[in-house]
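Number of protein chains: 2
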Amino acid sequence: MYGNIEPVARLVHALARLPGIGPKTAQRLAFFLLRQPLELSQELAEAVLSMRETVAFCSTCFHITAEDPCQICRDPRRDQSLLCVVEEPLDVLAFERTRRYRGLYHVLHGALSPVEGIGPDDLKIGPMLGRLGSGAIQEVILATNPNIEGDTTAQYLMQRLKPYNVRVTQIARGLPVGGDLEYADEVTLGQAMENRRDL
Amino acid sequence: MYGNIEPVARLVHALARLPGIGPKTAQRLAFFLLRQPLELSQELAEAVLSMRETVAFCSTCFHITAEDPCQICRDPRRDQSLLCVVEEPLDVLAFERTRRYRGLYHVLHGALSPVEGIGPDDLKIGPMLGRLGSGAIQEVILATNPNIEGDTTAQYLMQRLKPYNVRVTQIARGLPVGGDLEYADEVTLGQAMENRRDL
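Protein chains in written order, with our numbering: chain A, 1 to 199; chain B, 1 to 199.
Take the hints with a grain of salt, since some may be wrong.
Said to hold, decoys possible - Okay, derived cross-link-like pairs now, SDA-like style, lysine to any residue, Cα gap no bigger than 25 angstroms in a straight line:
id	chain 1	residue 1	chain 2	residue 2
1	A	124	A	179
2	B	24	A	20
3	A	24	B	146
4	A	24	B	197
5	A	24	B	27
6	A	24	B	142
7	A	24	B	190
8	B	24	A	22
No lab work stands behind these hints, which were simulated from the structure alone.
It should be emphasised that the depicted structure is a prediction, and the values quoted were computed from it without experimental measurement.
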């Protein structure tokens, strides 16, 4: 009878290796998949494999890509003097959707977090500094998330960028467009006031 | 460039269909898998498929099994007059490990939870009542978890079992063996006192 549980135990073990999923959650997920139609499990397995087969990280900017280097890094029409540093590949997509930025990117793959044990060596910081060697990049735009981890990361990067002859900027903090001033949190409102500009 | 993200988006979508996993967590999991060695993704996909291929639920007791009915339901040496009702397949395994129970089981696959929207029709209660028809079962042992959902489920089952001519019992609440009385929570200690027995 115990033999029956082995395939379940194996899946539970595999799921529990994912971040934020403990043995209890892994168990719940495994039994959920058993109860659902076979198609859900097949879709999941297929999606995992096809993603790993077709998607990789650009060895220059670490954005997700099907070819290496990625289309953005290879595009000669992109402004080679601007480097926008973000935490995740999805942040690149968010900027691309704006159609307001035509420079290059660098994806850190995370943010510094002493709590989660994520240090500088866990992020793509070394490769980022390596890209400054050629002298082509003149401005590094820090676009980490506006939270504690993102701000800590930005401050750390600023220190590391000091020896380099580049301008270091950070994207603006302020009121979100379409938002309501009355409902803005005090930190955002305070930064919006501090960063006010002449019209 | 947007084409690259499609396999990632598909995996995020599949993961987000699992309980307790929202789009943000699904994204984090997908990027984690991309960063890890290919083997982890392969193991995960393989484990999902092989579990679904080799494991199913017994159509009698709803325990996990490779054959239907399961080995416990088919075993003539098990006491056919006892039916132990549990929430999950792993509870069956827990009881089997004790080697102190030789009756049959019925797995509800969950517990009543108005908060999570789990009602009687979501559990295997109908099939459980159906098993009482033959008259072979003389005692139903309620072994749901000792928490609010489990207790609610036990009380509901007690009501539903009233029309049947069976003894309904519940496994004992009390101090866990090896525990320290000083550190026992007051509810457990209170129940241990109430359920005291003659020596």
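Status of the hints after comparison with the structure:
For a cut-off of 25 angstroms, the pair hint linking residue 124 of chain A to residue 179 of chain A is broken: about 34 angstroms separates their Cα positions. For the suggested pair residue 24 of chain B and residue 20 of chain A, the alpha carbons sit about 12 angstroms apart, so the restraint of at most 25 angstroms is met. A C-alpha spacing of about 17 angstroms is found between residue 24 of chain A and residue 146 of chain B, which places the hinted pair at or below 25 angstroms, so the restraint holds. A hinted pair counts as satisfied when its Cα atoms are at most 25 angstroms apart, and residue 24 of chain A with residue 197 of chain B does not qualify at roughly 34 angstroms.
Between the alpha carbons of residue 24 of chain A and residue 27 of chain B the distance comes to roughly 21 angstroms, so the proposed pair stays at or under 25 angstroms and holds. Restraint check for residue 24 of chain A and residue 142 of chain B: the C-alpha separation of about 22 angstroms stays at or below 25 angstroms, so the hint holds. Taking the CA atoms of residue 24 of chain A and residue 190 of chain B, the gap is about 28 angstroms. The hint is violated against a cut of 25 angstroms. For the proposed pair residue 24 of chain B and residue 22 of chain A, the alpha carbon gap of about 17 angstroms is at most 25 angstroms, so the pair holds.
Hints 1, 4, 7 from the list above are not met by this structure, while the remaining hints are.
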